[in-house]
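Sequences are here, hints too, so could you generate the full structure?
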Amino acid sequence: MIYNEYRVKFYINTKSTSPVLRFIAGLPQNHQAKIFKYIDFLRQHRGVLDEPYSRHIKGKLRELRVDFGKRRYRVFYFLFIKKTIVVLHGFSKRTAQTPLTEIRIAEAYYEDVINHENLYAKS
Numbered sequence: 000m001i002y003n004e005y006r007v008k009f010y011i012n013t014k015s016t017s018p019v020l021r022f023i024a025g026l027p028q029n030h031q032a033k034i035f036k037y038i039d040f041l042r043q044h045r046g047v048l049d050e051p052y053s054r055h056i057k058g059k060l061r062e063l064r065v066d067f068g069k070r071r072y073r074v075f076y077f078l079f080i081k082k083t084i085v086v087l088h089g090f091s092k093r094t095a096q097t098p099l100t101e102i103r104i105a106e107a108y109y110e111d112v113i114n115h116e117n118l119y120a121k122s
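Quick note: the sequence shown uses numbering that gives the first Met the number 0, first residue 0, plus one each step.
Simulated from the structure, these hints should not be mistaken for lab results. By construction, the Cβ of each residue, glycine as well, lies at the ideal position given by its N, Cα and C atoms. Any given hint could be a false lead.
Computed list of lysine to any residue pairs in SDA-like fashion (alpha-carbon distance at most 25 Å, straight line) [to be verified]: (1) K92 to D39; (2) K14 to V47; (3) K57 to N29; (4) K36 to E4; (5) K33 to F79; (6) K92 to L26; (7) K36 to V47; (8) K8 to K33.
FRET-style restraints, in silico, Cβ to Cβ [said to hold, decoys possible]: (9) H44 to I80: 30 to 38 Å; (10) K57 to E116: 18 to 26 Å; (11) K36 to D111: 40 to 48 Å.
In structure tokens, the structure reads:
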């Protein structure tokens, strides 16, 4: 790994599964590919993308915005220590505003990451 390179880690819950990866896996293959392409684009740009690709939500929480035709997907993430981007939660967006329930899920996952920092800060 290059010294200045950022890396991506996906949130893993207490059941040792990743809800965001499970969400992405349930999408059509071409939609999955675009989401992973955007996540890699985010990594290449050190976790900082402006609109229309990314938007600040609250605190350290941001959303990656991936549109595929009329389908709109949002993937919550935040920048963590040691140049790590932690991808938390994904959902299909169906309303103009980001649903508060989706934000709360991402916030809960964020808190879980902070409380288990050692799992995400490893090289």
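To see whether the hints hold, each was checked on the structure:
| no. | hint | in the structure |
| --- | --- | --- |
| 1 | K92 to D39 | holds, 21 Å |
| 2 | K14 to V47 | violated, 30 Å |
| 3 | K57 to N29 | violated, 30 Å |
| 4 | K36 to E4 | holds, 17 Å |
| 5 | K33 to F79 | holds, 23 Å |
| 6 | K92 to L26 | holds, 13 Å |
| 7 | K36 to V47 | holds, 15 Å |
| 8 | K8 to K33 | holds, 18 Å |
| 9 | H44 to I80: 30 to 38 Å | violated, 18 Å |
| 10 | K57 to E116: 18 to 26 Å | holds, 20 Å |
| 11 | K36 to D111: 40 to 48 Å | violated, 27 Å |
The structure shown violates the earlier hints numbered 2, 3, 9 and 11.
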